[in-house]
Amino acid sequence: GENVEQHPSTLSVQEGDSAVIKCTYSDSASNYFPWYKQELGKRPQLIIDIRSNVGEKKDQRIAVTLNKTAKHFSLHITETQPEDSAVYFCAATYGQNFVFGPGTRLSVLP
Amino acid sequence: DTAVSQTPKYLVTQMGNDKSIKCEQNLGHDTMYWYKQDSKKFLKIMFSYNNKELIINETVPNRFSPKSPDKAHLNLHINSLELGDSAVYFCASSQMSGAGNTIYFGEGSWLTVV
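Protein sequence lines correspond, in order, to chains A and B.
Under our numbering, the first residue of the first sequence carries the number 1, and numbering increases by one thereafter.
Under our numbering, the first residue of the second sequence carries the number 1001, and numbering increases by one thereafter.
One chain only, chain A, in its complex shape (with noise of 0.2 angstroms):
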């Protein structure tokens, strides 16, 4: 079945600076890949998500990019917020189903 890896496990950056964080997926028939942040006792939400067709997608200080061939896909927030702070899972499409990633939590210091 499908596998999905996430690294950095945590990620603390300072107020005003770029953090990345990237996923691999194992089954290449995978066409789609969302991300959700879930702040600290809430629900997981969508921030962006990108189809197999493109390679990057951008919404205002979120860009997701997707290297099909290698089978890996990014998130890039660049100016971050100490709203920012939050767990972030990154998920690919398997069959039917979803399968997420392990998560980052980011902590961004102000």
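One should not assume that every hint holds.
Said to hold, decoys possible - Listed next, the stretches of chain A that the computed footprint assigns to chain B, with coverage defined by at least 3 CB atoms under 8 angstroms from CB atoms of chain B:
id, segment
1, 44-56
2, 96-103
Said to hold, decoys possible - Derived DSBU-like pairs: lysine-lysine, alpha-carbon spacing no greater than 35 angstroms straight-line:
id, chain 1, residue 1, chain 2, residue 2
3, B, 1052, B, 1071
4, A, 57, B, 1067
5, B, 1041, B, 1071
6, A, 68, B, 1044
7, B, 1036, A, 58
8, B, 1040, A, 58
9, B, 1052, A, 42
10, A, 58, A, 68
11, B, 1040, A, 68
12, A, 42, B, 1019
13, A, 71, B, 1019
14, B, 1044, A, 71
15, B, 1041, A, 57
16, B, 1022, A, 42
17, B, 1040, A, 42
18, B, 1067, B, 1052
19, A, 22, B, 1036
20, B, 1019, A, 57
21, B, 1019, B, 1052
22, B, 1040, B, 1052
23, B, 1067, B, 1036
Claimed, not checked - Residues of chain A placed beyond 12 angstroms of chain B at every Cβ, according to the derived structure:
id, residue
24, 17
25, 24
26, 70
27, 71
28, 110
If you are wondering where the hints come from, they were derived from the structure by calculation, not from laboratory data.
Quick caveat: nothing in here was measured; it's all calculated off a predicted structure.
C-beta atoms are modelled at their ideal positions from N, C-alpha and C, and glycine is treated no differently.
Given the structure of chain A, go ahead and fit chain B onto it with the hints provided.
Same frame as chain A, but now just chain B:
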């Protein structure tokens, strides 16, 4: 209006008890899910229903039994609760199953087994 709602939000119960968590979505979605998030924050699929039919049944103990009376509801019943069942259980829904369909999560049900 809450899109995916689940009750109860918090549940503390003793080992051996039977408990249920209810979930309802008002988004008109065809697919509903149950995910388990353990203390290490891993999100793992347990079950998925599409229009009341079971489509994903991961390896979970058969003490866990989902029930979908209609496509807007997916309840989770757990028999003979064990300490290891303590976790946050998230209900979720999507327009359809599979790629490209955003999953919307409920607020979670915090289950503590003592």
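Tested hints:
Here's how the segment 44-56 of chain A fares: 5 of its residues keep a CB closer than 8 angstroms to some CB of chain B, so the rule of at least three is met and the hint holds. Counting residues of the segment 96-103 of chain A whose beta-carbon sits less than 8 angstroms from any beta-carbon of chain B gives 7, enough to reach three: the coverage restraint holds. Between residue 1052 of chain B and residue 1071 of chain B the CA atoms are separated by roughly 5 angstroms; this keeps the pair inside 35 angstroms, and the hint holds. At roughly 38 angstroms between alpha-carbon atoms, residue 57 of chain A and residue 1067 of chain B are farther apart than 35 angstroms, so this suggested pair is violated.
For the given pair, residue 1041 of chain B sits about 28 angstroms from residue 1071 of chain B by alpha-carbon distance, which is consistent with the 35 angstroms threshold. Between residue 68 of chain A and residue 1044 of chain B the CA atoms are separated by roughly 24 angstroms; this keeps the pair inside 35 angstroms, and the hint holds. Of the pairs offered as hints, the one joining residue 1036 of chain B and residue 58 of chain A holds, with about 30 angstroms between alpha carbons and a cut-off of 35 angstroms not exceeded. Using a Cα cut-off of 35 angstroms, the hinted pair residue 1040 of chain B and residue 58 of chain A holds, with the two alpha carbons roughly 30 angstroms apart.
Restraint check for residue 1052 of chain B and residue 42 of chain A: the C-alpha separation of about 27 angstroms stays at or below 35 angstroms, so the hint holds. Note on residue 58 of chain A and residue 68 of chain A: the hinted pairing holds, with a Cα-Cα distance of about 18 angstroms set against a maximum of 35 angstroms. For the proposed pair residue 1040 of chain B and residue 68 of chain A, the alpha carbon gap of about 29 angstroms is at most 35 angstroms, so the pair holds. With a C-alpha separation of about 22 angstroms, the suggested pairing of residue 42 of chain A with residue 1019 of chain B holds against the 35 angstroms cut-off.
With a C-alpha separation of about 41 angstroms, the suggested pair residue 71 of chain A and residue 1019 of chain B falls outside the 35 angstroms cut-off, and the hint is violated. For the suggested pair residue 1044 of chain B and residue 71 of chain A, the alpha carbons sit about 21 angstroms apart, so the restraint of at most 35 angstroms is met. Taken as a hint, the residue 1041 of chain B and residue 57 of chain A pair is honoured in the structure, with Cα atoms around 27 angstroms apart against an allowance of 35 angstroms. Distance hint between residue 1022 of chain B and residue 42 of chain A is fulfilled; the C-alpha atoms sit about 18 angstroms from each other, no more than 35 angstroms.
A C-alpha spacing of about 15 angstroms is found between residue 1040 of chain B and residue 42 of chain A, which places the hinted pair at or below 35 angstroms, so the restraint holds. Between residue 1067 of chain B and residue 1052 of chain B the CA atoms are separated by roughly 8 angstroms; this keeps the pair inside 35 angstroms, and the hint holds. For the hint linking residue 22 of chain A to residue 1036 of chain B, the alpha-carbon distance of about 23 angstroms falls within 35 angstroms, and the restraint holds. Using a Cα cut-off of 35 angstroms, the hinted pair residue 1019 of chain B and residue 57 of chain A is violated, with the two alpha carbons roughly 43 angstroms apart.
A distance of roughly 21 angstroms separates the Cα atoms of residue 1019 of chain B and residue 1052 of chain B; the hinted pair therefore holds under the 35 angstroms criterion. Between the alpha carbons of residue 1040 of chain B and residue 1052 of chain B the distance comes to roughly 31 angstroms, so the proposed pair stays at or under 35 angstroms and holds. Straight-line distance between C-alpha atoms of residue 1067 of chain B and residue 1036 of chain B comes to about 16 angstroms, which keeps the hinted pair within the 35 angstroms bound. Against the 12 angstroms criterion, residue 17 of chain A stays outside the reach of chain B, whose nearest CB is about 23 angstroms from its own CB.
The claim that residue 24 of chain A is not at the interface with chain B holds, since no C-beta of that chain comes within 12 angstroms of its own (minimum 17 angstroms). Distance check for residue 70 of chain A against chain B: the nearest CB is about 20 angstroms away, which clears 12 angstroms, and the non-interface claim stands. With a least beta-carbon separation of about 15 angstroms from chain B, residue 71 of chain A lies farther than 12 angstroms from that chain, consistent with its non-interface assignment. Look at residue 110 of chain A: its CB is around 24 angstroms from the nearest CB on chain B, clear of 12 angstroms, so calling it non-interface holds up.
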